[in-house]
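*Asks:* Each chain is listed here by its residues.
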Amino acid sequence: MKRVVFVTGGARSGKSSFALNLALRFQSRVFLATAQAFDLEMEERIQKHRDERGTGFTTVEEPVNLAGALREIPAGTEVVLVDCLTVWTGNLMHRFGDESKEMIEKETAALLSVLESPPCTIVLVSNEVGMGIVPENAMARKFRDLAGRVNQKVAAAATEAYLLCSGLPIQLK
Amino acid sequence: MKRVVFVTGGARSGKSSFALNLALRFQSRVFLATAQAFDLEMEERIQKHRDERGTGFTTVEEPVNLAGALREIPAGTEVVLVDCLTVWTGNLMHRFGDESKEMIEKETAALLSVLESPPCTIVLVSNEVGMGIVPENAMARKFRDLAGRVNQKVAAAATEAYLLCSGLPIQLK
Amino acid sequence: MKRVVFVTGGARSGKSSFALNLALRFQSRVFLATAQAFDLEMEERIQKHRDERGTGFTTVEEPVNLAGALREIPAGTEVVLVDCLTVWTGNLMHRFGDESKEMIEKETAALLSVLESPPCTIVLVSNEVGMGIVPENAMARKFRDLAGRVNQKVAAAATEAYLLCSGLPIQLK
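Residue numbers (this note's numbering), protein chains in the order written: chain A, 1 to 173; chain B, 1 to 173; chain C, 1 to 173.
Extracted from the complex, chain A is given alone in its bound form (with noise of 0.2 Å):
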């Protein structure tokens, strides 16, 4: 069975690593990555998580077209990780502007569409970034509704959904 996995959780809370352990139960694995390097700290990031999933991933970069990029994934593929979702929304933001709404609503869509019928097993990491106090900046606010409302959608068109917390899951679904 093809699965859609949805996994979130805090920042350090082991989401990427329980999505990577997943992933590595399969032979043939890509990782899609949405995250961009813009300065040092994030290319650390990015290099940390590299090093940690170590070989045997082919890696693909796609910080906007993420149905696209799904839908190219080489036969034969087992497995797509996609790291992450809410890098993602926070690209299309600020890609987009004043109408990243709309058109987060429309990638979301596209997005949606692969995943009734996916290629393969696709494990989608996604962050919790609403249980916090209200942003005093107004950006902040409408990221978080915005990543908030992707994850929903994700998360209903998910075969299985994972809250991870101090690097233990929670099954939600």
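Worth flagging that the hints you see were computed from the coordinates, not collected in a lab. Treat the hints loosely; a few may be bogus.
When chains are identical, the list treats them as one kind, so a pair holds in a single copy or across two.
[What the hints assert, rightly or not] 25 Å max Cα-Cα, derived PhoX-like pairs, lysine-lysine: (1) K153 - K2; (2) K48 - K142; (3) K48 - K2; (4) K48 - K106; (5) K142 - K153; (6) K101 - K142; (7) K101 - K2; (8) K2 - K173; (9) K142 - K2; (10) K153 - K48.
Quantities reported herein were computed from a predicted structural model and do not represent experimental measurements.
Chains B and C: place on chain A using the hints.
*Replies:* Structure of chains B and C alone, referenced to chain A:
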């Protein structure tokens, strides 16, 4: 049986929709709104929620005296949806300033006495605001303390409690 | 059996009360406090916690050398309640500055070696700090990374783990 259902979650976690779906199983419905629109962003949020729940609810607006409003629910009402306790806590904090801690304790005690022998099924929506970094702002720290304390008390009094995450419920009790 | 119980949750989630109730089932009890009062707000919090737990605990204060303090627990002690790991992480970060990442790893390794063969039941309280928006402050980002990493390691070593939400426990393991 008259249920008291506590529903919490982060921003855009699906808590209001989950609570709404619970309430829609009943015929005669009251929506008890605690929010007051102070600016355009709030007005849009309130209107969006109103549109989502559609017709079929009698809307009561009560920012402060929640226990009083619940006691005056018309006979024959089958469910009251209270949305939300965190905004209510903020309203009390705003109104009572330095006495807010004592006043919130007093108002919460009044609420709990209604929940002990509820006039009908009551669904109460709240927010998780305490899982981020400690806020630098002293008022924000006070607010999350007060909101968390209200959550604990109401959850303890509830017959069921749920934490929503990415639109999916975790049953707490 | 000597249990190692990890208890985490957001601010005012009821984690300390839950841990306290666990500890109160034992006769000979030590409270290992990691907090130091730097200001009035902290002093009040510490005093409040002290009042809540009442008598019946021997209090040990150790902001940094947690492993050492656990090794020196008097023979005959049945339970140690450590409150909390997040404050401890902050203390280490404050003390060791640029070397804090390495020092926290070292101190955590020492703690884990005690937890592997605990002298008595140990209950460790921690905090969820990573489920809000990414902090703008670089130190806050570093802190939530370090705190999250400590949580993962201690939770992995625990025989039981709980996430508290609105005063109610979700069993993680």
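*Asks:* Against this structure, judge whether each hint is valid.
*Replies:* Now for the hints, and whether the structure bears them out:
1. K153 - K2: within (19 Å within a copy, 32 Å between copies)
2. K48 - K142: Result: close only across copies, 15 Å inter versus 29 Å intra.
3. K48 - K2: neither (29 Å within a copy, 36 Å between copies)
4. K48 - K106: between (32 Å within a copy, 20 Å between copies)
5. K142 - K153: within (17 Å within a copy, 31 Å between copies)
6. K101 - K142: Only inside one copy: K101 and K142 sit 9 Å apart there, 30 Å across copies, limit 25 Å.
7. K101 - K2: Intra 30 Å, inter 40 Å, cutoff 25 Å: neither.
8. K2 - K173: within (16 Å within a copy, 28 Å between copies)
9. K142 - K2: neither (33 Å within a copy, 37 Å between copies)
10. K153 - K48: Answer is between: at 18 Å across copies they meet the 25 Å cutoff, but 29 Å inside does not.
Hints 3, 7 and 9, counting from the list given before, are not met by this structure.
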